[in-house]
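Chain A is fixed; fit chain B onto it per the hints.
2 protein chains.
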Amino acid sequence: MEDVKSETILSGIYKPTFLVDTAKASVNISRMVSRANMADAVLRPHFKTHQLHRVGELFKTFGVQRIAVSSVSMAEYFADGGWSDIMIAFPVNIREIDRINALAKRVTLGILVSAEGVSPQLAAKLQSSVRMYIEVDVGANRTGFLPDAVEQIAKAIAQAEKNPWIKFSGFVAHAGHTYQTPNTQQVSEIHRQGMNSLNRLKEQFQRQHPEIVVSWGDTPSCTLADDFFGAEELRPGNFVYFDVMQWQLGACAMEDIAVAVATPVVAVYPKRNDLVVYGGAVHLSKESVLCNKGRPHFGMMVLLNENGSWELPSSPCFVRRITQEHGVIALPNDFANRFSVGDLVGILPVHSCLAADLLRNYTVFLH
Amino acid sequence: MEDVKSETILSGIYKPTFLVDTAKASVNISRMVSRANMADAVLRPHFKTHQLHRVGELFKTFGVQRIAVSSVSMAEYFADGGWSDIMIAFPVNIREIDRINALAKRVTLGILVSAEGVSPQLAAKLQSSVRMYIEVDVGANRTGFLPDAVEQIAKAIAQAEKNPWIKFSGFVAHAGHTYQTPNTQQVSEIHRQGMNSLNRLKEQFQRQHPEIVVSWGDTPSCTLADDFFGAEELRPGNFVYFDVMQWQLGACAMEDIAVAVATPVVAVYPKRNDLVVYGGAVHLSKESVLCNKGRPHFGMMVLLNENGSWELPSSPCFVRRITQEHGVIALPNDFANRFSVGDLVGILPVHSCLAADLLRNYTVFLH
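One line per chain: the protein sequences are A and B, in this order. Numbering-wise, the numbering used here comes out as the position in the first sequence, counting from 1, plus 3. Numbering-wise, the numbering used here comes out as the position in the second sequence, counting from 1, plus 3.
Everything labelled a hint here was simulated from the structure, so no lab data went into it. As the structure is a computational prediction, the values presented were derived from the model and not from experiment. You can trust all of the hints, since none of them are fake.
Only pairs whose alpha carbons sit at most 25 Å apart, straight line, appear in this in silico SDA-like list of lysine to any residue:
#1 B:18 - A:77
#2 B:108 - B:84
#3 B:128 - A:13
Ranges of calculated distance between the beta carbons of each label pair, as one might list FRET restraints:
#4 B:297 - A:296: 20 to 30 Å
#5 B:253 - A:229: 48 to 58 Å
#6 A:315 - B:102: 28 to 38 Å
#7 B:102 - A:57: 19 to 29 Å
#8 B:340 - A:66: 40 to 50 Å
#9 B:256 - A:363: 33 to 43 Å
#10 A:157 - B:186: 48 to 58 Å
All C-beta atoms, glycine included, are put in the ideal place defined by N, C-alpha and C.
The following block holds chain A by itself, in its conformation from the complex:
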């Protein structure tokens, strides 16, 4: 990771590099903080998107104090960075119980119970104080108890609370199916239905557990919502960077995307109208979306300015094919002759979380 003066940014880049526009990221953070404030909810941003102390510090400047991560390793990393309230928003991995016990001594640690059979193991092995959340499957069909499995949920809570270190603290859900919706109206409908389920559960359990909260997360619904339906906590992550997928979902404007991958041009084929860049699946990931003509692509090309900032070309240029280290960018007719081998072009990633994970050690911050 490097911090370089504006005028030297491009000249210092010689291989695929993740550019973070901190001004755009700050605006994205600021907007989400405002949304949470207006909803009277606490923003607990998901740090799996960036996994970097430097971006964490940006959040601190906006008063953010609680975070979510998706692995014990990430929790350790951010505990080392001074974060003291961390939820591991991933089904608790029993095999890491020793590290969880050690971490729970250092920070206020939240863990998730997402299925039957987990609580007895947790109760037997936990030796430090944790907040235990029940994960509810609000329709993404990935992880969590079904909202109507009240008996199983009650049993899981009772089994866990046999261990006095474990405090049942609320319900969490990630509405991942918002990513499969064709329009923003359906995102809102998923949000409303999911929060209904969580609020019903909260009502049923709060007599016995008066301090429980509802924690809701996913960038599309948190970005688009007019109403947060009483959630005490919001856990979106991607919004700090956004990406082409979020733009297609209507969760951001193209100008809000705060990251681009700078890639060296290694071949120009004017007859094919193709550029080939050093930038492939090990830099951008193989995540794809469909362009408006229904063909898959792996990112959108942007033109880089000397200071590292970028702009879209007059016609959209998609990364049409990707292999381990190669990216093939399709250009409009007669556009290829504007590029030479050795140039840098930017690529807006389809999924910024995956590109950020791959290029963590090759990140440059723009001011």
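Using the frame of chain A, we list chain B on its own:
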């Protein structure tokens, strides 16, 4: 990376971990060495697949002395590991010219010119001795000069050889389109046609450049070929590990796959017949293939033995969905009750090169 005694392998694993069965990998190497020997060709295995010294050492025991890599960084890594003849089998990245110059002083370095406009820049900037190969596009449509672009190729060679450090050394091709073929017969046809093109070019240029060679690479054709059509050098990479994609192409048997990703079970859903593992896109990549029913999947589950070895379950179990850290494995009816949270299951990756890249620092070798 760790070397652990057999009986402790599973007990020492707590997060997604790349298991390499060195016995299987050795057999895979040995077979490819034999194939190259029979074809009177030199095996220059592509080390982008594993990117690890330990696997490199395995190749050394079979007498392998030349290697291919796909970036300057990988070339530096293996030069540090004692490899002295390295081809960067990727269009030369002019932006890394200083590192290329430094590396060329340490090892016999091969670089690729894959398009017009590259040679003049190379000629202007190279200050150490390199072997320059012309990359030919034999139909993959990714990188390289078209086989009939004889004039442009002659020009690129002449432009490069104005710099006395550059020695034109031959033609290389990667028939990546073998990965899109529905059957092994088409793989052979691609191989035959591609080698015809390369041999024609060699004939045209060898009067002036008597020492040039033809270098051919890609695992499907190198594994399936009965005839190597006179290639002096073979550059397959994936064969050391193989994977589900290669198995589907008919390039290996299921038993030849030498790697599996060990993943902790974090949730079991018997009603849905799903297992959820800690093992997602940042561990396996988002590479998918279609199962024989035409549905995409991200890997095949295997049952792990205590010593780390694995076997297929009686019915195939596919990783049907994958997000950043989650993998969802679909099971046959009544199979879920065999698993508990905290178990480890293995996943044969769809594309071992990408999984190996992601889990490079979490690799365990089985003996």
